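Trainee: Using the sequences and the hints given, assemble the complete structure.
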Amino acid sequence: MNKNRTVRFTKVASACLLSTALLLAPTTSFAATDAPGTLFRDGVEVNLSAQLNESTYYPQPDKDPYKEPAQYMTVQTKTAPMTATDMIELNTNGTNALKLKNGVLYIDIDGSGLAPLGNPQAQAYKELGFTDDVLDGTEFKQEIRWKRIYNRLQPRSTQHQWTLTETHGVSTANTKEFAYSVGAEVGATLDGVTGKISGNISQKFSTTTTITNQTTNTVTDTFPAKPASYPYNDYRVAIYQKEEVYTVVPGEKLTRAMTNLAAKLNTSTANVYPTSFTYTTGELRPIVTPDQP
Numbered sequence: 008m009n010k011n012r013t014v015r016f017t018k019v020a021s022a023c024l025l026s027t028a029l030l031l032a033p034t035t036s037f038a039a040t041d042a043p044g045t046l047f048r049d050g051v052e053v054n055l056s057a058q059l060n061e062s063t064y065y066p067q068p069d070k071d072p073y074k075e076p077a078q079y080m081t082v083q084t085k086t087a088p089m090t091a092t093d094m095i096e097l098n099t100n101g102t103n104a105l106k107l108k109n110g111v112l113y114i115d116i117d118g119s120g121l122a123p124l125g126n127p128q129a130q131a132y133k134e135l136g137f138t139d140d141v142l143d144g145t146e147f148k149q150e151i152r153w154k155r156i157y158n159r160l161q162p163r164s165t166q167h168q169w170t171l172t173e174t175h176g177v178s179t180a181n182t183k184e185f186a187y188s189v190g191a192e193v194g195a196t197l198d199g200v201t202g203k204i205s206g207n208i209s210q211k212f213s214t215t216t217t218i219t220n221q222t223t224n225t226v227t228d229t230f231p232a233k234p235a236s237y238p239y240n241d242y243r244v245a246i247y248q249k250e251e252v253y254t255v256v257p258g259e260k261l262t263r264a265m266t267n268l269a270a271k272l273n274t275s276t277a278n279v280y281p282t283s284f285t286y287t288t289g290e291l292r293p294i295v296t297p298d299q300p
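Residue numbering for the sequence shown follows this note's numbering, starting at 8 and increasing by one per position.
Incorrect hints may have been included.
Keeping only pairs whose Cα atoms sit at most 27 Å apart, straight-line, the calculated DSS-like set for lysine-lysine is [claimed, not checked]: (1) K133 <-> K260; (2) K203 <-> K148; (3) K154 <-> K85; (4) K203 <-> K108; (5) K260 <-> K148; (6) K271 <-> K133; (7) K203 <-> K183; (8) K133 <-> K183; (9) K108 <-> K133; (10) K108 <-> K183; (11) K260 <-> K154; (12) K85 <-> K260.
Worth flagging that the hints you see were computed from the coordinates, not collected in a lab. These numbers were taken from a predicted model, which means no experiment stands behind them.
Mentor: Quick look at the structure:
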């Protein structure tokens, strides 16, 4: 990154059931363009090694400032099979009524917790294809991607100060959705659910995800003007934020059962689908056109 760049973080309080401490970084100066790059993780500056900084895992600046940077960059995709202990949620015609585990449908009728669906309803669903082996071939998918949240061109002779507000973490309202997207069963309360989510992610994808409360930061950053040797009239500044996308990929039998259920409900197949969730992390990756493209 460029030298003499300063960064300021302002934390905006947000109430949430899940809690974690947010560390704030002081005003900081950075090394020249050819030095190890920088990442911001939950407001803390992390200096990357040269090898990591140049890897395809992190967004890289293009040498041409007039080339529009990608809106999304998917850098890693993994899949994992569903197990007998995994529970997923089926959205049915705009509701989140059905839960499915090891071929058994569950429902929470009175808010006291999940219970297996009894007859005659269970038999009716079996006739639609929700049999004991309905989850055969169904998988979980994890995609690591970077989303562009800031993008500007700046005249080469002037510094560029930018300010953005970013939000990361998960809200209480979305915690169940996150849990079912990775197969974590949720009880009558949310007690211990973040541990289940993290555990399922680690077990299925061999990656570590720290689940935090939803927090909003205002970030201010200044890039210096370009040197006289810089060959373009403008330079580009872009900021990316890392997201983790979790999806249930239905197998053939679950797809057929959902299609039959949609027909029974007289609705589109688009209205019957398993839960997915995009977890926005606190990792920011600023990039700027190099001084010597």
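Trainee: Work down the list of hints and note, for each, if the structure agrees.
Mentor: A quick look at each hint next to the structure:
1. K133 <-> K260: holds, 12 Å
2. K203 <-> K148: Cα-Cα ~17 Å, so holds.
3. K154 <-> K85: Holds, at about 18 Å.
4. K203 <-> K108: holds, 16 Å
5. K260 <-> K148: Between K260 and K148 the Cα gap is close to 18 Å, so the pair holds against 27 Å.
6. K271 <-> K133: At roughly 13 Å apart (the allowed maximum being 27 Å), K133 and K271 satisfy the hint.
7. K203 <-> K183: The hint holds at about 11 Å.
8. K133 <-> K183: holds, 26 Å
9. K108 <-> K133: holds, 14 Å
10. K108 <-> K183: Distance of about 15 Å is within 27 Å: holds.
11. K260 <-> K154: Since the Cα atoms of K260 and K154 sit roughly 34 Å apart, the hinted pair is violated (cutoff 27 Å).
12. K85 <-> K260: Judged against 27 Å, a Cα distance of about 22 Å means the pair holds.
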